[in-house]
Amino acid sequence: MKSKMWKMFMILVFLPFISISSSPPPPPSLCIVGAGIGGSSLAHFLRLYSPHNLTFNLRIFERNAIVGGRMSTVNVSGDIFEAGASILHPKNLYALNYTKLLNLTVKQPSSSSSSSPSLGIWDGHKFVFKTLACNSNLPFFQKILSLANSLLMFLRYGFSLLRMESFVQSAIDKFSKYYESFDSRPIFETVDEMLKWSGLYNLTTSTLEQELVAAGLSPLLIQELVTVITRINYGQSVSISGLAGAVSLAGSGGGLWSIKGGNWQMAAGLINRSNVALHLREEIESISSIGEYYELNSTQGNSYTCDVAVIATPLDEVNIQFTPPISIPKRRLQHTHATFVRGLLNHVYFGLSCVSEIPELVATIEVPDLPFTSISVLKQYDEKDMTYKMFSREPMDDALLDTIFSLRRETIRIDWGAYPHYVAPEVFAPFVLDGRHLYYANAFENAASTMETSAVAAENIARLILSRFFGQPSFPSSNLRSTSDKGSLHVDL
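Going by our numbering, the first residue of the sequence shown is number 1, and it counts up by one from there.
These are computed hints drawn from the structure, not numbers from a lab.
One should not assume that every hint holds.
Unchecked claim - List time: in silico DSBU-like cross-link candidates among lysine-lysine, alpha-carbon distance up to 30 Å:
#1 Lys-260 to Lys-126
#2 Lys-91 to Lys-196
#3 Lys-143 to Lys-107
#4 Lys-330 to Lys-196
#5 Lys-177 to Lys-143
#6 Lys-91 to Lys-379
#7 Lys-177 to Lys-126
#8 Lys-100 to Lys-126
#9 Lys-130 to Lys-330
#10 Lys-143 to Lys-384
#11 Lys-91 to Lys-107
#12 Lys-91 to Lys-174
#13 Lys-126 to Lys-384
#14 Lys-91 to Lys-126
#15 Lys-100 to Lys-379
#16 Lys-100 to Lys-177
#17 Lys-174 to Lys-100
#18 Lys-177 to Lys-107
When you get a sec, could you build the whole thing from the sequences and use the hints?
Okay, structure coming up:
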């Protein structure tokens with residue numbers, strides 16, 4: 001009897017230790033630095049492509065108080081306008097699928113008074129080219145206006161317009177290969193490999209100007225219309241790399257759209273659906289490789305252990321200390337200063353007799369000392385009250401604005417480290433920064449920087465992580481589906 005009681009006593013004593021030693025290890029922890037379109041897309045695709053029996057924890061760290069990164073809105077006198085990444089292309093399939101998945105509303109870009117905003121190309125002294133304008137929104141008049149402006153364009157630039165369209169379409173067709181099924185689309189470990197597979201790599205080895213000259217475009221078209229587009233979309237001249245230039249030109253075509261209420265809602269929605277622990281206002285200041293895991297330390301004094309770490313924000317202007325150090329090609333970001341003004345442009349500045357003669361989009365060519373890149377009308381309240389959006393390479397001080405505007409009721413300035421400063425031939429940082437499980441999603445930005453290219457790069461990084469870390473040999477259907485709705489909803493988004 002005593003022997004049996006002793007055995008039961010020993011079992012009861014050691015039972016907690018037996019339970020502890022046999023308990024399963026905690027699920028892996030994946031940490032993402034950056035809550036923009038890249039970081040949110042990565043979280044989405046990691047959940048989307050994971051089998052139901054694969055469990056892991058996801059954390060996203062965002063140094064700002066809101067998600068969205070370079071997707072942001074601005075409030076001007078009660079009206080909401082896009083302040084950062086503004087437009088999406090009709091063939092941006094991931095963004096289109098996000099919109100459907102998240103039940104967001106598509107908004108077609110509109111001008112102040114018409115569906116066909118007038119364009120004027122300004123050289124600092126005069127308008128070298130202007131399209132016609134019409135205040136009527138009747139479809140018949142808009143159709144006539146569109147045909148008339150197309151004729152004006154053709155008379156000035158000729159068949160070079162068709163060659164430009166062919167150049168852009170070729171790049172779009174090659175980019176569309178990134179939407180192919182997993183059977184025909186491999187997982188890429190480098191940006192070079194990813195670009196060579198799609199046939200886009202050669203466009204990064206020469207300038208846009210060189211590519212367009214080779215395609216047979218006229219010098220006038222390159223100097224005027226192409227330069228206008230690259231200055232508006234990337235704040236740079238036709239000396240940017242050919243692929244960035246092709247993407248910029250694609251962003252000037254028809255069918256462009258955005259999300260009603262702000263494009264940032266894509267990032268917020270994807271994070272909400274991906275069962276993520278979101279850390280707002282928490283900037284990561286160091287990442288150290290310690291054995292089989294990474295230690296992330298934040299400016300809040302917190303330390304986090306992660307099995308996989310992904311940088312989903314440009315490393316160019318953040319101060320993250322890596323141990324051991326990483327090596328990536330040096331690059332600088334092109335800063336675009338967005339200035340929003342509610343007021344009225346000064347027609348005298350443009351040498352015109354009245355405000356109504358100023359085009360709704362004033363674009364500029366590459367001329368020294370031009371103070372701004374473009375000025376566009378966002379909303380017209382009446383003939384003497386409008387909201388404008390101005391892009392420039394340098395800040396616009398009050399004295400300069402007061403020469404361009406005859407009236408300013410409200411002025412808001414935003415400085416964006418918007419995209420890389422493109423220099424051909426481009427050199428790319430690796431997707432895998434340390435040969436293990438430290439990844440850099442923004443390495444692809446040296447090829448082109450858009451919301452969609454960030455999503456495409458994030459999708460590849462997700463497959464790369466699932467393959468390299470989890471050893472997942474295959475993936476489910478790439479059709480977007482809903483991820484778990486059981487995760488907590490981040491009301492502070």
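Is Lys-100 close enough to Lys-379, meaning Cα to Cα at most 30 Å? holds (27 Å)
Lys-143 paired with Lys-384 [C-alpha distance capped at 30 Å]: holds (28 Å)
Within 30 Å, alpha carbon to alpha carbon, are Lys-260 and Lys-126? violated (36 Å)
For Lys-100 and Lys-126, compute the direct alpha-carbon distance and say whether it is at most 30 Å. violated (45 Å)
Are the Cα atoms of Lys-91 and Lys-126 separated by 30 Å or less? violated (36 Å)
Hint check: Lys-143 vs Lys-107, CA-CA at most 30 Å. Holds or violated? The given pair, whose Cα atoms are some 21 Å apart, holds under the 30 Å limit.
Tell me if the straight-line CA distance from Lys-126 to Lys-384 falls inside 30 Å. holds (23 Å)
Is the hinted pair Lys-91 and Lys-107 satisfied, with a Cα-Cα distance of at most 30 Å? holds (15 Å)
Is the hinted pair Lys-130 and Lys-330 satisfied, with a Cα-Cα distance of at most 30 Å? violated (40 Å)
Straight-line Cα separation of Lys-100 and Lys-177 no greater than 30 Å? Measuring from Cα to Cα gives roughly 21 Å; hence the hint holds.
CA of Lys-91 to CA of Lys-174, is that 30 Å or under? Distance of about 12 Å is within 30 Å: holds.
Could you grab the alpha-carbon distance between Lys-177 and Lys-107 and see if it respects the 30 Å cut-off? holds (27 Å)
In this structure, the earlier hints numbered 1, 5, 7, 8, 9 and 14 are contradicted, and the remaining ones agree with it.
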